[in-house]
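Protein chains: 2
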Amino acid sequence: MIRTIALLLAATSTAAFAQEAPPLLPPVPPAIVALQHAALADELGYKLAEDITTELGPRLDGTPAEARARDWAVARLRALGFANVHVEPFTIDGWTRGPESADVVAPYPQHLVIAALGNSASTGSRGITGQVVGFGSEQALEAAPDSAVRGKIVFVSHAMTRTQDGSGYGFFGGPRRQGPSVASRKGALAIVIRSIGTDHHRNPHSGVQTFAPGTRPIPAGALTIPDAEQLQRILSHAAQNGGQPVTMHLTLVSQSAQAPSGNVIAEIPGRDPSLPPVLVGGHLDSWDQGTGAIDDAAGVAITTAAASLVRSMGQPLRTIRIVWFGSEELGLFGGLDYQKRHGNQPHYALGESDFGSGRVWKVNSKLGKPREAEGRLLQAALAPLGIVPGSLEDAEGSDVGPMIAAGQPGVGLSQDGTYYFDYHHTPDDTFDKIDKADLQQNVAAWATVLAVLAGPIGSEPKRPAQR
Amino acid sequence: MIRTIALLLAATSTAAFAQEAPPLLPPVPPAIVALQHAALADELGYKLAEDITTELGPRLDGTPAEARARDWAVARLRALGFANVHVEPFTIDGWTRGPESADVVAPYPQHLVIAALGNSASTGSRGITGQVVGFGSEQALEAAPDSAVRGKIVFVSHAMTRTQDGSGYGFFGGPRRQGPSVASRKGALAIVIRSIGTDHHRNPHSGVQTFAPGTRPIPAGALTIPDAEQLQRILSHAAQNGGQPVTMHLTLVSQSAQAPSGNVIAEIPGRDPSLPPVLVGGHLDSWDQGTGAIDDAAGVAITTAAASLVRSMGQPLRTIRIVWFGSEELGLFGGLDYQKRHGNQPHYALGESDFGSGRVWKVNSKLGKPREAEGRLLQAALAPLGIVPGSLEDAEGSDVGPMIAAGQPGVGLSQDGTYYFDYHHTPDDTFDKIDKADLQQNVAAWATVLAVLAGPIGSEPKRPAQR
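Protein sequence lines correspond, in order, to chains A and B.
Heads up, the first sequence is in the working numbering, so the first residue is 3 and it goes up one at a time.
Heads up, the second sequence is in the working numbering, so the first residue is 3 and it goes up one at a time.
Hints are supplied without guarantee of correctness; some may be wrong.
Claimed, not checked - Derived contacts from chain A toward chain B, CB cut-off under 10 Å, selection only: (1) Val107; (2) Pro109; (3) Pro111; (4) Pro228; (5) Asp229; (6) Glu231; (7) Arg235; (8) His239; (9) Ser258; (10) Trp363; (11) Thr432; (12) Lys435; (13) Lys438; (14) Ala439.
To be verified - Cβ-Cβ distance ranges computed for the label pairs, FRET-style: (15) Pro458/B with Gln246/A: 36 to 46 Å; (16) Pro109/B with Pro101/A: 23 to 33 Å; (17) Pro458/B with Thr420/A: 50 to 60 Å; (18) Gln257/A with Pro109/B: 24 to 34 Å.
The hints are simulated quantities; they were obtained by calculation from the structure and are not laboratory data.
No residue lacks a Cβ here, since even glycine has one placed at the ideal position from N, Cα and C.
The whole structure should be built from the sequences, with the hints applied where relevant.
Following this line, the structure appears as structure tokens:
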């Protein structure tokens, strides 16, 4: 009896962790192990992230700041010794922010901190005043009768919390992505949302939204999370103190116009130029409130430093193409332009780093059934960095996502995003949020991926890396 | 030999903790123990902090918002059943903030986040432009020749880090308190400092500074800590890239004028009105960027809830006087007005809560030699709350500080300030930063102090507390 219970307990206590033995992974070539070790100590990635955020600052899509960033990028990529450095220009539907403020007029007058969402309509400089009606979720707004919303300023909250994989962003991002269109359809005067984020600081999270076809653009802004909670308390106190209406004066000035943008491209030519290239990158543009450190100076810095390390070991078999995409934030313009130009050409693999600088904890790949052994080699080579083998039939990426979805091979390195949405799209996305050791683990991971995918590396570099 | 080593190790390992046996403390009356238990579960303090921050919002000294707060306070203190509720008005040297911004013009154009310091001169709405010269500390600025500073925008940094007792604020606050006067004396155009704080968010820490007699007021502002670090990097990169000068456009609009303020006073009359009162309180005014939750809605809420609890147990021997001081932030105006009116009247003790809502960890008192037994009873009564017995010859407090310094008896409860300077004087000083259990430990501590000092409590309350 006692023995039975003990067995039962043992079975129970391990049940949560029960799984099959891990897959047998292939041996990793010593040159790749050596490269990974060198990458963990290499400081180019951290330095690039510092330089981009310091010397360029914010780089909103289509602005002169983004144009200056492209010029800077071309010069820097050439100085780093990459080949074929050039810009592929395109035009975007631009949007820029003007003065913005939100003030509770009655019954408890006070200032709230707000930022317009991308593609918000402008209130004009004199602003608008309306009664606030609150909803706990985007679903609650959807379910409300039009009469509860018409002519009012809609406030929508959500319950997003921190997750390692950032999966809350999809579901709880509804107030930002769908909220403005739903509110407009129901006749709202404007919409203010609880910032899509997980912090408790007075920094609003902006981000793009696109009005659904046929809906009239209305002013749309994001309150900081403390301000959203304050507005909830104000609505609740006003209701308890005799049901007084809460009125808000809202100013969200903005402008929309066509604007120039572009992708910056650089290459490490492979020994066999006829082979499809391996593409890695991130996006150079950023939201306008911060300096775009984790979104996405980190990504371009990580992948560029990884490529630079591979180059310093010798010439790879396949060309490595680095893309610093432009205008990701306002609508994946850079990724879509690249796809339009190059989407029909085969790529050996596509990969992008665009989720901050947290450590990589999982590798996914989608190289196709005949190349699963290559996927397993990636898993084996990344495991020493603490990276869990993930799917062999799936990969992700923002700018490269549409091409992977269209059938091109891809590799995705999942980063720890526990704190990513504390800073994402806020004034707080600044260089001090990047941890050097975490970023260097990312560089080591991407250098490993490139070394595996770009094929055996020639014995000698063509020319020394200039840093 | 082994035994000798063991003894030696034992001696070494306890050396760091070696101290005298703790003092024998007197027994605590059961009524006080019961009050303390009740206070730990009482929610009035937390509710008051919520109501002040929600229904009043920011309450800068001398503004209409502070006047509205006084009216609200009178009504609320009466509703809570306190007696003799009234305002003692006074006039202050007011100062209010207007539009403000800081932009690096060259060589790396970008926007920085700034807030004017109290009593800053105004740049006027068109702002000023100047070359930035950086100093690592207020001491380094002091040591610089006037020629290095004259006509320039001075930037001063510091190395403040988190401490439990907040002691870094005194020493590292030099750039804010002395910096503007020193910079002015040396002929600077303006001064921008690294915010006096310990966070890494883009929320500037304001705070008062006063130009020394004979110095010309100049514009003076605080950059957020990430922005100050960014400016340091910009200065460093510019120096490395050919020694380019860094220029900044600075707009700090502000106004100074005489303005009305006042202290709000309420009492629990003692059974013997001829005895000197026990005074507790906090300050009702707050800086303008946040809602003054930890500075100092928490303090007035904690001490008022504590007094309310004492009252609900019956009438105390001595009168308890609650003061919600006005205009502490711009220069202790409320405390000094109270001292002018009442400083010559004896008080049984003075105490103030004005360091956030972190747990009390130490009790100090300065009741005078003949009343040391009372100080020991305070220590004994507070120990169950995890509070360390501190000095019997020292007490602190902002508004009550000058009166304690002038010889009146005082009690000081030291709060855990580890994170206080993450939020202090920033837009981030909002209700969500208050931890309910921590605040209620404060209420229990102050209720205990009042029960000990106000003397034996009568068996029945005069009238039920209305909450």
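So, going through the hints one by one against the coordinates:
no. : hint                               : verdict
1   : Val107                             : 12 Å, violated
2   : Pro109                             : 8 Å, holds
3   : Pro111                             : 7 Å, holds
4   : Pro228                             : 4 Å, holds
5   : Asp229                             : 8 Å, holds
6   : Glu231                             : 6 Å, holds
7   : Arg235                             : 4 Å, holds
8   : His239                             : 6 Å, holds
9   : Ser258                             : 21 Å, violated
10  : Trp363                             : 24 Å, violated
11  : Thr432                             : 4 Å, holds
12  : Lys435                             : 7 Å, holds
13  : Lys438                             : 14 Å, violated
14  : Ala439                             : 17 Å, violated
15  : Pro458/B with Gln246/A: 36 to 46 Å : 45 Å, holds
16  : Pro109/B with Pro101/A: 23 to 33 Å : 27 Å, holds
17  : Pro458/B with Thr420/A: 50 to 60 Å : 54 Å, holds
18  : Gln257/A with Pro109/B: 24 to 34 Å : 27 Å, holds
Consistency with the previously given hints fails for numbers 1, 9, 10, 13, 14, ordered from lowest to highest.
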